[in-house]
Amino acid sequence: MDERELIQSLAKDVKLSVLDENMDTFIEAYHQFLKQVQSLESIQTEGVEPLVFPFEVETSFLREDSIQDVMHREDILKNAKHIKNQQIQIPKVVE
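Positions 1 to 95 (UniProt numbering) are the ones given, in order, by the sequence shown.
To be clear, the hints were calculated from the coordinates, so they are not data collected in a lab.
Hints are supplied without guarantee of correctness; some may be wrong.
Think about it this way: if two alpha-carbon atoms lie no more than 30 angstroms apart in a straight line, the pair counts; the simulated BS3-like pairs of lysine-lysine are [what the hints assert, rightly or not]:
#1 Lys92 - Lys12
#2 Lys92 - Lys15
#3 Lys35 - Lys12
#4 Lys81 - Lys12
#5 Lys92 - Lys78
Quick list of simulated restraints, FRET-style, between CB atoms [unchecked claim]:
#6 Arg73 - Val93: 17 to 25 angstroms
#7 Asn85 - Arg4: 39 to 47 angstroms
#8 Ile88 - Thr45: 24 to 32 angstroms
#9 Asn79 - His31: 45 to 53 angstroms
#10 Leu6 - Ala80: 47 to 55 angstroms
#11 Glu41 - Val93: 30 to 38 angstroms
#12 Asn85 - Glu21: 44 to 52 angstroms
#13 Ser9 - Ala80: 29 to 37 angstroms
#14 Glu41 - Glu3: 16 to 24 angstroms
#15 Asn22 - Met1: 16 to 24 angstroms
#16 Ile27 - Ile67: 50 to 58 angstroms
#17 Leu62 - Asp24: 44 to 52 angstroms
#18 Arg4 - Asp75: 46 to 54 angstroms
Note that CB positions come from ideal geometry on N, CA and C, so glycine has one too.
Could you put the whole structure together from the sequences, leaning on the hints where they help?
If you want it as structure tokens, here you go:
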């Protein structure tokens with residue numbers, strides 16, 4: 001599969017279309033992406049502990065969670081076009 005076919009296939013998967021006049025821009029972006037991936041692959045990570053949480057210091061500056069007033073389910077559902085099992089039903093967007 002050449003680059004044009006790959007980009008068209010990826011675009012189709014995410015329900016987009018790429019015009020022929022824009023294809024060169026997408027191919028250039030694809031090459032830039034591959035260069036970035038190659039540079040990441042060259043980073044030596046052996047012996048480096050993976051981060052479980054990106055902040056290694058205590059995050060005392062974050063506010064406490066608090067219960068706030070919320071809308072009632074009935075109020076929300078009365079504005080919905082389609083309801084199924086007490087939930088808002090939307091059209092399928094992913095195949």
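Hints and how they fare:
Restraint check for Lys92 and Lys12: satisfied, since their Cα atoms lie roughly 16 angstroms apart, inside the 30 angstroms limit. For the hint pairing Lys92 with Lys15, the CA-to-CA distance comes to about 13 angstroms; that is within 30 angstroms, so the pair holds. For the suggested pair Lys35 and Lys12, the alpha carbons sit about 24 angstroms apart, so the restraint of at most 30 angstroms is met. For the suggested pair Lys81 and Lys12, the alpha carbons sit about 29 angstroms apart, so the restraint of at most 30 angstroms is met.
Between Lys92 and Lys78 the CA atoms are separated by roughly 21 angstroms; this keeps the pair inside 30 angstroms, and the hint holds. Checking the proposed 17 to 25 angstroms range against Arg73 and Val93 shows it holds: the Cβ atoms sit about 23 angstroms from each other. Checking the proposed 39 to 47 angstroms range against Asn85 and Arg4 shows it holds: the Cβ atoms sit about 45 angstroms from each other. The supplied range of 24 to 32 angstroms is broken by Ile88 and Thr45, whose beta-carbon atoms lie about 44 angstroms from each other.
Between Asn79 and His31 the C-beta distance comes to about 47 angstroms, which sits within the given range of 45 to 53 angstroms. In this structure the hint that Leu6 and Ala80 lie 47 to 55 angstroms apart at CB is violated, the actual value being about 39 angstroms. At roughly 33 angstroms, the beta carbons of Glu41 and Val93 sit within the given window of 30 to 38 angstroms. A hinted range of 44 to 52 angstroms for the beta carbons of Asn85 and Glu21 is consistent with their spacing of about 47 angstroms.
Taking the beta carbon of each, Ser9 and Ala80 are about 35 angstroms apart, inside 29 to 37 angstroms as hinted. Checked against the given bound of 16 to 24 angstroms, the beta carbons of Glu41 and Glu3, roughly 20 angstroms apart, stay inside it. The hinted range of 16 to 24 angstroms is satisfied by Asn22 and Met1, whose Cβ atoms lie roughly 19 angstroms apart. For Ile27 paired with Ile67, a C-beta distance near 52 angstroms keeps the hint of 50 to 58 angstroms intact.
The hint said 44 to 52 angstroms for the Cβ distance between Leu62 and Asp24, and at roughly 46 angstroms that hint holds. Range check, Arg4 to Asp75: Cβ separation about 50 angstroms, and the 46 to 54 angstroms hint holds.
This entry does not satisfy hints 8, 10, going by the numbered hints stated previously.
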